[in-house]
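Undergrad: Go ahead and model the full structure; you've got the sequences and the hints to work with.
So the protein sequences, as listed, match chains A and B. First residue of the first sequence: 87, per our numbering; consecutive thereafter. First residue of the second sequence: 110, per our numbering; consecutive thereafter.
One thing to keep in mind: the hints can contain errors.
Stated by the list, open to error - Computed cross-link-like contacts, DSBU-like style, restricted to lysine-lysine with a CA-CA straight-line distance of at most 30 Å:
id: 1; chain 1: B; residue 1: K193; chain 2: B; residue 2: K315
id: 2; chain 1: A; residue 1: K225; chain 2: A; residue 2: K163
id: 3; chain 1: B; residue 1: K315; chain 2: A; residue 2: K347
id: 4; chain 1: A; residue 1: K347; chain 2: A; residue 2: K270
id: 5; chain 1: A; residue 1: K225; chain 2: A; residue 2: K270
id: 6; chain 1: A; residue 1: K400; chain 2: B; residue 2: K315
Since the hints were made in silico from the structure, they are not lab data.
Read off the chains here:
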Amino acid sequence: MNLRSRVETLYPWALRPTIRAPVYRPDTSREIAAFLPSAQVEITPRGAGTAYGDICVNPCGSHLSLLRLDKFLEFDKEQGILTCQGGVTLNEVINLVLPQGWFPAVSPGTAQSTVGGCMACDAHGKNHHIRGSFAMTVKGMKLLTSDGQTHECSPEQEADLFWATAGGLGQTGVITQLTIQLAKVESSWIKTRNIPTRDLEETLALIDEHADATYSVSWIDSLARGRHMGRGIIMLGEHATMEDLLRQNPTLCDRPFELRKATSLFLPFFPPPWASNTFALRFFNAVYYRAHSRSSQTRLTNYRSFFYPLDSVKSWNRIYGRRGFIEYQVAVPLRNGREICLEICETLSRTGNGSFLAVIKRMGPGNPGPMSFPIEGYTLAIDMRAGWDEQAKILDGLDRLVAEAGGRVYLVKDSRVDSRWIDTMYPRRREWAEFVARHDPRGLFSSNLVHRLNLR
Amino acid sequence: MNPEPNAVLIIGSTSSVGQSLAAEYGRRGWRLILASRDRDFQAEEAADLRIRYVVEVEEYSYNAEDPFSAKSLANALRTRMFPKKVFILIGDPGNPEQDLNDAIAAIRVTQVNYVGATALVAEMLVQIEEHRGTQIILIGSIAGIRGRASNPLYCAAKAALEVFAQGLRQRLYRRGVGVLLVRLGYVDSRMSYGLTAPFLTLSPGKAARQIIHAAEAGRDVVFIPNWWLPAMLTLRLIPEWLWKRLPPF
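TA: Here is the structure:
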């Protein structure tokens, strides 16, 4: 049976742009291998569609949904090595491996993503400063290139193809199978500690001070001004051991690997604009700050509310309204990171581009992937209502600041950056594009992001 | 003789509904006996079921287009206890416009949708008759209710399956063997992807749960989803002189 397509409404997580386009949905990698060489249109491989940016949509091409490639193929319970198809979501991985004492070694802020998508975006988590990005937990993968050939690559075998795919934005081929290393855990609980900070200076100082914590991330009040600017909550976490359970809540010792179901709450409509205006955001941020600064002692949190707080409301991405929002995430190097973070926070706060969840985090060294986002330093992620020309100018100014300082914008979350900064931000972009062109000479794989930024 | 209590045979295991049925029975801890034409796909599915549900999964091959395939599958199954439930989900509407102009293709549609199922039942009939309490679930289609211009071959094959199920049900009744015919509506499967309107389409998981529910209730014939019952009865009441004048659909 030949592959058939269906026209569907597609959008990235930030809803910009929302399009209607054909989607192919194969069941096996053999179908994809037969399909790719004969495909006459551009193909955008797509997982769960949880990337914020336009990497997962293409108005002038077709999409290849990998959600039916959702099979687990092998699980080594002793070593914690899982082999599965690319369309398996992290939720499914966790539901399988957590009761057996394992957890994804690196996991982004949502468990709805597919493992293939995490690889193609080289996702990072709250433990990047210790464990690195998702690709660094991948021991091997099967990649289908545009000629329908299967490449088995790993950091040892066909390493250049492996690293070009890590954070390769789906341009090298279709990831059909992955082998990942999991991390051993003693329970499904996280021992957390929240530390409130007064200003950005203190936030950054405390982040550095607590760099030995396995999980560390800081929420900041993006609208606080003056001496409160950059005040926030540093959230630290460790996988709770049996001892911790015994100390904090002995009843949990009988069922240390309790799973949490994803809640079924969702936003059934697009809220009116006033729900996310500056006043509402200021109010939300102040309440959030107060609520979290009270609980500064160590306590147990379940893995879902620690790692995936946003997953608790499905379609929360509607909060900023029908026009969607902008997720601005940058990484800046260690040496001038503080000043740039300060400048960005100050500018956005002054111009009223506030956010529900602004997050700052320390990052460890990057990996050999030429397009992989993380670099050693700090990363700052801010979501904001999509504005008009003035906001574009402000953000472009910040892009210049970041690019000139040797930092970069996260392309996976981006829907607006100007292409003139790309080569400064990603100095190995050209080398990567040439390599990708060798594997995809026809330019079969593409996406709106690639067109917009002329990435290849 | 009694059949093996917690074992289920799924012919057409790699179909969307077949996969969901296997997952549902896997969740209940049943032993899964899978048969499909696509061995590679079935191997992936079996690996997944073993990992997710920690159940025993047996893999066989069956190709409805090959008459000898039924014999070899039945022979292979003779070496083990007969399972309590047998699901037969083979079907392919084919490519109606071309199939009607091609004898080989026309025969193929009949073979896949009707002959394949009967050949298999024929090979296993002795065993089925010996095992009181077995249940055979044949997955038909709402297409079998009335012939339509868009795909006469498929409608006819599915209608034949209905009548076959009737005969079989009467024959096996005294042997304590149940025969359930499922008139399945549109399911979001590889077969219907891109062809049917989403609001008419049932997810494979829901379809599987409803099929199992009907099987457990010991039903003979069931529409899934059940709102097809009034819709199809209405269609059936239309007199033929009017039916033939309706715009083709």
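Undergrad: If any of the earlier hints don't hold here, list their numbers in rising order.
TA: Every hint satisfied by this model.
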